[in-house]
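A.B. asks: The whole structure should be built from the sequences, with the hints applied where relevant.
Protein chains in written order, with numbering that gives the first Met the number 0: chain A, 0 to 525; chain B, 0 to 375.
Heads up, a few of these hints could be off.
Claimed, not checked - Partial list, derived from the structure: chain A residues whose beta carbon lies under 8 Å from chain B:
(1) GLY140
(2) GLN151
(3) GLY153
(4) ARG276
(5) PRO278
(6) GLY281
(7) ALA313
(8) ALA320
(9) MET322
(10) MET369
(11) PRO453
(12) VAL457
(13) GLY474
(14) VAL478
Stated by the list, open to error - The following label-pair restraints were derived from C-beta to C-beta distances:
(15) PHE132(A) <-> ILE88(B): 17 to 27 Å
(16) GLN300(B) <-> GLY237(A): 28 to 38 Å
(17) ALA60(B) <-> GLU500(A): 41 to 51 Å
(18) GLN300(B) <-> ALA48(A): 42 to 52 Å
To be verified - Quick list of in silico lysine to aspartate or glutamate cross-link-like pairs, EDC-like style, CA-CA up to 16 Å:
(19) LYS525(A) <-> GLU503(A)
(20) LYS154(B) <-> ASP66(A)
(21) LYS218(B) <-> ASP118(B)
(22) LYS330(B) <-> ASP229(A)
(23) LYS282(B) <-> GLU346(B)
(24) LYS341(A) <-> GLU81(B)
(25) LYS193(A) <-> ASP118(B)
(26) LYS122(B) <-> GLU110(B)
(27) LYS182(B) <-> GLU110(B)
(28) LYS70(B) <-> GLU500(A)
(29) LYS339(B) <-> ASP140(B)
(30) LYS70(B) <-> ASP229(A)
(31) LYS218(B) <-> GLU245(B)
(32) LYS330(B) <-> GLU340(B)
No lab work stands behind these hints: they were computed from the structure. The model shown is predicted, which means the values in this text are computed figures rather than measured ones. Heads up, the beta-carbon is just placed ideally off N, CA and C, and yes, glycines get one too.
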Amino acid sequence: MATVTDLHDDHHDHGPAKGLMRWVTTTNHKDIGTLYLIFALVMFMVGGAMAMVIRLELFQPGLQFVDPGFFNQMTTVHALVMIFGGVMPAFVGLANWMLPIMIGGPDMALPRMNNWSFWILPFAFAMLLGTFFMDGGAPAGGWTLYPPLVLQGGDGFSFMIFAIHMMGISSVMGAINVIVTILNMRAPGMTLMKMPLFVWTWFITAYLLIAVMPVLAGAVTMLLTDRFYDTTFFSAAGGGDPVLFQHIFWFFGHPEVYILILPAFGVISAIIPTFARKPLFGYSSMVYATSSIAFLSFIVWAHHMFTVGLPLQAELFFMYATMLIAVPTGVKVFNWISTMWKGSLTFETPMLFAIGFVIMFTIGGFSGLMLAIAPADFQYHDTYFVVAHFHYVLVTGAVYSIMASVYYWIPKWTGNMYSEKMGQWHFWLSTISVNILFFPQHFLGLAGMPRRIPDYSVQFAEFNMWSSIGGFAFGLSQVFFCYIVYKTIKGGEKATDQVWEGAEGLEWTLSSPPPYHSFSKAPEIK
Amino acid sequence: MIKLKQLFAGGLVLTFMSSVAQAEYGLNLPLGVTETSKQVYDLHMLILWICVVIGVIVFGAMIYSMIYHRKSRGAVASQFHESMAAEIIWTVIPFVILIVMAVPATKVLVEMHDTSEADMKIKVTGYQWKWRYEYIGEGVDFFSTLDAASNEARKLGSDIDPSTVENYLLNVDNPLVIPAGKKVGFLLTASDVIHSWWVPDFGWKKDAIPGFVNEAWVKVDEPGVYRGQCAELCGRDHGFMPIVVEVKSQADYETWLAEQKTGAAVAQVEVIKELDSAELNSKGKDIYNANCVACHQQNGQGVPGVFPAITGSTIATGDINQHIDMIMNGKAGTAMAAFKEQLNDVELAAVVTYQRNSLGNNVGDVVQPTAIAALR
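C.D. replies: Dropping the structure here:
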């Protein structure tokens with residue numbers, strides 16, 4: 000009897016609806032994943048265009064192209080777009096596509112909410128980018144929104160706050176969906192300690208999101224009332240405290256940077272074993288290391304504020320706690336290298352990006368360790384050294400892991416192989432240019448160039464020029480990336496189900512591309 | 000087009016000449032001129048070298064593996080995937096290294112926090128976009144803004160080559176002067192938004208926060224001129240509020256201090272003089288260009304939505320007392336600062352007169368310095 004019912008169901012297994020409405024009304028995790036990924040790519044190019052304006056103005060000393068006020072709008076919105084529009088939606092897109100498949104579930108647990116959490120985003124960013132056309136222009140007080148400066152903005156201020164609220168709602172709903180899916184939708188036998196690391200890192204990331212996005216929402220709401228309703232949370236004249244905002248903001252902000260990097264750890268932990276043809280080294284220590292990083296992320300926020308005049312004891316505490324993060328992060332790097340050790344390595348594009356990630360993320364980790372040392376941070380703070388640091392961990396870290404996962408899974412998603420030759424070109428162009436772009440910024444910062452300035456003293460001219468040339472080349476390389484993605488979606492050599500010789504995991508047991516509804520019957524977990 | 004050409008030509012020239020012409024560019028933290036800055040430098044180098052050594056080992060292992068464990072060389076994958084011993088080793092060793100770093104870092108940090116027993120104190124106040132220095136107990140108090148040459152060259156489309164300007168963007172009209180060999184305490188605060196006071200050669204920066212007073216100190220043994228910049232984004236002209244500190248020998252410092260005190264007295268006398276409209280307008284133009292253009296723009300049109308226009312504004316063309324009040328006391332909750340403290344009576348009278356009779360306004364009245372003095 001049961002067999003008959005199953006057959007009956009199969010006959011009604013419908014594919015996607017036709018036309019534009021498919022994408023508007025979809026509750027399918029694969030469709031929503033695709034939407035998120037395309038949205039992230041578009042935002043990556045929008046934020047990248049702003050970076051090009053920044054590097055153009057900084058190409059040589061003197062002001063040649065933009066007004067300093069507009070320059071500040073560029074740096075502010077570049078950061079907001081890249082963080083909230085680029086990296087976060089890209090990882091949510093990957094989670095949507097891969098989590099249900101990796102745990103052997105049929106879909107995300109809350110499909111309608113899934114649709115909603117995506118469709119909030121285009122409106123949020125339309126509103127944020129719309130501020131460019133308002134009186135006073137876009138927000139220009141830095142993405143960290145420090146009062147009192149941020150309160151001086153024009154009409155765009157309140158629109159930016161509302162956009163941040165919407166992004167926060169989207170993220171929290173996405174995070175709830177991830178947690179509920181992981182806890183409820185696993186195939187029988189898929190115990191927690193059998194889950195792929197990408198699932199584990201996203202599971203932990205989702206808790207971070209739920210913990211801190213409301214904190215950001217609270218902080219920006221207080222800004223809103225300070226500006227429009229005569230409260231003085233952050234104004235000393237009314238008994239408030241401008242530094243209070245920084246404490247609240249960074250209580251969100253530091254876990255936020257791990258939200259941007261933990262899923263990357265998961266991706267890399269999937270790719271390296273595949274191309275080393277060897278199981279991941281130290282699976283359980285990877286899980287514990289990720290959890291420790293997540294815990295530590297809540298008690299280190301004030302290392303962003305060493306120069307605000309904290310008491311000595313506070314500076315010591317935050318210095319020590321921050322240094323501790325190097326331990327679990329080191330464990331992860333050592334585990335990845337041990338996975339490669341005595342493997343049988345090949346270097347397809349995903350592996351190139353993964354290796355690029357490990358090396359350059361570690362460089363960003365080293366500069367992070369240097370920044371943790373409070374007395375030295377008094378020199379590094381708010382200079383280009385910091386800019387170099389966080390671009391190493393975010394661009395050659397988070398963004399590289401996203402590139403790696405696109406190359407790794409796009410044959411599965413589309414059923415077509417990307418052009419390996421083009422992929423390798425993309426990797427080498429990106430890697431050479433990104434280092435010309437960001438490495439000299441270490442020197443600029445150490446030599447004394449503050450960040451967020453549109454013009455600089457002539458002794459900084461040479462490295463800024465190198466940095467700009469690297470920036471333009473890196474920007475062009477990403478246009479090439481868009482072309483590669485487009486071409487792969489359109490066609491190409493057919494991918495096998497297994498795709499990669501050494502790949503392990505449930506996603507490779509499905510066809511390429513997978514059926515619209517995967518695992519309506521739970522797979523068996525060995 | 001011309002701009003692009005210039006940019007391109009400038010790019011080529013700079014790229015080829017730079018190794019010769021700009022041999023001065025820095026790669027590393029400056030050693031600095033204070034005990035603190037030297038300790039910070041040593042700490043920086045210690046951590047840097049530790050990171051380099053770890054990097055060589057870690058990346059070395061990776062590269063070795065990439066060369067010798069590749070499939071194309073016939074490497075066969077082992078299947079080991081766990082080692083408790085290894086995990087413990089690479090947890091404990093980094094922990095020990097961290098302790099090695101933390102010990103000297105703690106020592107330096109404790110010393111930097113010791114602001115006690117300063118020989119003299121200077122209050123530093125950040126304004127959008129200038130610094131104010133008050134020598135506590137000396138009655139010397141002045142503002143320090145970007146020098147005129149840099150200010151001219153930094154304008155969008157000024158066509159002045161920054162490399163022809165001496166100390167471009169790192170020069171001011173009135174530098175801070177301190178004596179050598181004395182422990183000088185700083186009290187840092189701000190009047191509008193958060194700024195950060197940073198001279199790299201002193202080895203630290205500290206935020207200047209409205210409503211709060213931060214403390215720091217410096218003791219420089221060698222006389223000299225040291226330059227820095229505001230390090231916390233503080234609005235449109237954040238990149239244009241440099242810091243210059245002249246360290247003089249004790250005798251030179253005292254001479255300078257005495258001059259400052261007499262200078263203040265002379266300015267006081269000037270107030271009593273009546274000035275004619277032309278004098279006020281020409282002085283007012285300079286004051287406007289130095290203090291007002293950043294927001295209200297060269298032509299007085301402002302920036303819609305954030306910075307109101309002066310041309311045709313109800314304030315600049317209406318009741319002169321309201322106009323004076325706006326400039327002296329500012330407008331709470333906006334970027335409009337109170338200029339009462341920043342400008343003297345003559346300067347205030349001049350800039351009010353200028354705004355009423357230029358920039359497309361033609362009210363025709365003047366205000367005398369004595370009238371301003373009466374309002375103080």
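A.B. asks: Against this structure, judge whether each hint is valid.
C.D. replies: Going through the hints against the structure:
{"no.": "1", "hint": "GLY140", "result": "holds, 7 Å"}
{"no.": "2", "hint": "GLN151", "result": "holds, 5 Å"}
{"no.": "3", "hint": "GLY153", "result": "holds, 4 Å"}
{"no.": "4", "hint": "ARG276", "result": "holds, 4 Å"}
{"no.": "5", "hint": "PRO278", "result": "holds, 4 Å"}
{"no.": "6", "hint": "GLY281", "result": "holds, 6 Å"}
{"no.": "7", "hint": "ALA313", "result": "violated, 11 Å"}
{"no.": "8", "hint": "ALA320", "result": "violated, 11 Å"}
{"no.": "9", "hint": "MET322", "result": "holds, 5 Å"}
{"no.": "10", "hint": "MET369", "result": "holds, 5 Å"}
{"no.": "11", "hint": "PRO453", "result": "holds, 5 Å"}
{"no.": "12", "hint": "VAL457", "result": "holds, 5 Å"}
{"no.": "13", "hint": "GLY474", "result": "violated, 17 Å"}
{"no.": "14", "hint": "VAL478", "result": "violated, 20 Å"}
{"no.": "15", "hint": "PHE132(A) <-> ILE88(B): 17 to 27 Å", "result": "violated, 58 Å"}
{"no.": "16", "hint": "GLN300(B) <-> GLY237(A): 28 to 38 Å", "result": "holds, 33 Å"}
{"no.": "17", "hint": "ALA60(B) <-> GLU500(A): 41 to 51 Å", "result": "violated, 24 Å"}
{"no.": "18", "hint": "GLN300(B) <-> ALA48(A): 42 to 52 Å", "result": "violated, 28 Å"}
{"no.": "19", "hint": "LYS525(A) <-> GLU503(A)", "result": "holds, 12 Å"}
{"no.": "20", "hint": "LYS154(B) <-> ASP66(A)", "result": "holds, 9 Å"}
{"no.": "21", "hint": "LYS218(B) <-> ASP118(B)", "result": "holds, 10 Å"}
{"no.": "22", "hint": "LYS330(B) <-> ASP229(A)", "result": "holds, 15 Å"}
{"no.": "23", "hint": "LYS282(B) <-> GLU346(B)", "result": "holds, 7 Å"}
{"no.": "24", "hint": "LYS341(A) <-> GLU81(B)", "result": "holds, 13 Å"}
{"no.": "25", "hint": "LYS193(A) <-> ASP118(B)", "result": "violated, 66 Å"}
{"no.": "26", "hint": "LYS122(B) <-> GLU110(B)", "result": "violated, 21 Å"}
{"no.": "27", "hint": "LYS182(B) <-> GLU110(B)", "result": "holds, 13 Å"}
{"no.": "28", "hint": "LYS70(B) <-> GLU500(A)", "result": "holds, 12 Å"}
{"no.": "29", "hint": "LYS339(B) <-> ASP140(B)", "result": "holds, 13 Å"}
{"no.": "30", "hint": "LYS70(B) <-> ASP229(A)", "result": "violated, 68 Å"}
{"no.": "31", "hint": "LYS218(B) <-> GLU245(B)", "result": "holds, 13 Å"}
{"no.": "32", "hint": "LYS330(B) <-> GLU340(B)", "result": "holds, 14 Å"}
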